[in-house]
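Participant: Quick note, the sequences are listed as chains G and V, same order. Residue 243 is where the first sequence ends in my numbering, and the numbering goes up by one at each step. Residue 322 is where the second sequence ends in my numbering, and the numbering goes up by one at each step.
Below, a list of computed lysine to aspartate or glutamate pairs in the EDC-like style, where the Cα atoms sit at most 20 angstroms apart:
#1 G:K57 - V:E194
#2 G:K20 - G:D59
#3 V:K203 - G:D71
Calculated directly from the structure, the hints in this document are not laboratory data.
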Amino acid sequence: MTDAPYLAIDGVAIAFGGLKAVDRVSFTIPRGELVGLIGPNGSGKTTLINIISGYLKPDEGELRLEGERIDGLRPEALAERGVLRTFQLTRVFPRMSVLDNLMVAGCALGLPHETAEQRAIELLNDLALARLKDEDAGHLSGGQMKLLEFGACFMVPPKIALLDEPFAAVHPTMKEIMAGFIRRRHAAGQTFLLVSHDMPVIVELCPRTVCMNAGAVIADGDTRSVLTRPVVIEAYLGEAAAA
Amino acid sequence: MTPTHGTRGRMRGELVASLAILVVIAVLPAIVTNEYWRGVIIVSMYFAMLAAAWNLLAGYTGQFSLAPATFGMIGAYATGLLAYHAGAGALAGIPAAIVVAGLIGFILARVVMRLRGPYLALTTLSFAEIMRLVTSNSIDITRGDLGLSVPGLFNSRIAWYYLMIAVLAAVQLGLYFLLRSPAGLYLRAIRDDEVAAAGRGVKIVRWKTYAFALSAAISGLAGALYGHFAQFVSPELGLLGQTGIIISMVVIGGLGTLVGPIGGAFLIYVASEILRDFGGYQLIVFALLVILFARLFREGLWGLLRLAWQHVAARAVKGASK
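Start from the sequences, fold in the hints, and give me the full structure.
Facilitator: As structure tokens, this is what we get:
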């Protein structure tokens, strides 16, 4: 692991009409770090993920991955460069089997068909979805869909996995499967940016956390210290609670 | 490892069912000796090819084009014009028709590929009408509404019959292997969720363009074969009503299934010939069936058959376990 910036977000901003959804956000993520991204609803977390993953083009600022400018690239080009994500509102291919859902990512990212199939089966075993491999993804429960979408990020080890609320409305057993997977991958050097409202999970998984409010970064540092800062408590609970 | 269930197992079942339909058609001449009805079945195979090509777009890639008949017309005119102006035969004209229709499809796709839903449908509708009107009004080149005489390929109708079965079987096999390949995965992923597909590395514009061009090329092949069979092409091949018939064949047969367009094409075209005496009323019946299936049963008749089969199988298992 090195401290050199791996993903560098530099002065990134975007406005929708008069609303500054992301307001000159800057922070870096070193290789192999697992960073939590928290903030109240509407603070700009998902918009920032959409910018990093190419679904939105920033009005200003730069994004660099391993030194290469990546802002403005389309999502498929970013996926090819190793920027993979999950969505807050789960997105799977409902009329395709669970296995084929994973195969899409594997083949599109360059794995030969046989290798992709083997990799998909390994992942389904890891995520306790193997018995469902031939089911249409649209028949899965909400939690199983979250797991499937999560798995698609790891068909080819990503340079950075952007996980947008992976634990929302997920059964504790599945949540533990996902958390365990993240822990193992992080220990093996995988880089993550994890958006979540689940503070116990953030505390447990993320050594470092960035907090956003009203589109801007209001705290960045060691997770436990970030969560006790008055500015963070105020953002979540209001001024009276912070006092 | 090749799974026997799931999406791919289902696709194999659909291929087998569509080839079984073609086997039934292959033995029909033993019963159907009337040349007129053999001709009806040949034309229904022309429609089956157009329907299969449109299903690749609408059923497997989620692109609702309103120009399938137009690409058939383009194919028919490509070979027709080559024959009329250069004296070329079918063996040169048919490959040329595939290339011309595919190329025009590719160019149109580059223009419309970032459009979705009603915008894509409206743009392809405009293209279809422009092409038909240009064909109809370029009298010096196309002879306009008078149409063009096209040389035949065989004198024997039965030879046409089996050629069309062979070509349709080849198209079905080609589509099956395409849809099982990584390309097929990408197309189906785009159909289900374009946003998610892009996030997983699928090159959306590239694959949508390829699907559009391939669909156009298959339609061009169908049109060229029809032209040589009928020995006549006219702008009527590109009428919007023809597109309506193709769409109804796919929707009633089973959108997004390999067998639906084949079964739907035979059913609708043969039924429309049987009901010919009722004039325009047959079209009302087909239109109502389209509304019914689109509203209540997206997988069409094939889906209904599958459900019935599952029901029978479940009852059999229940009976055996008692």
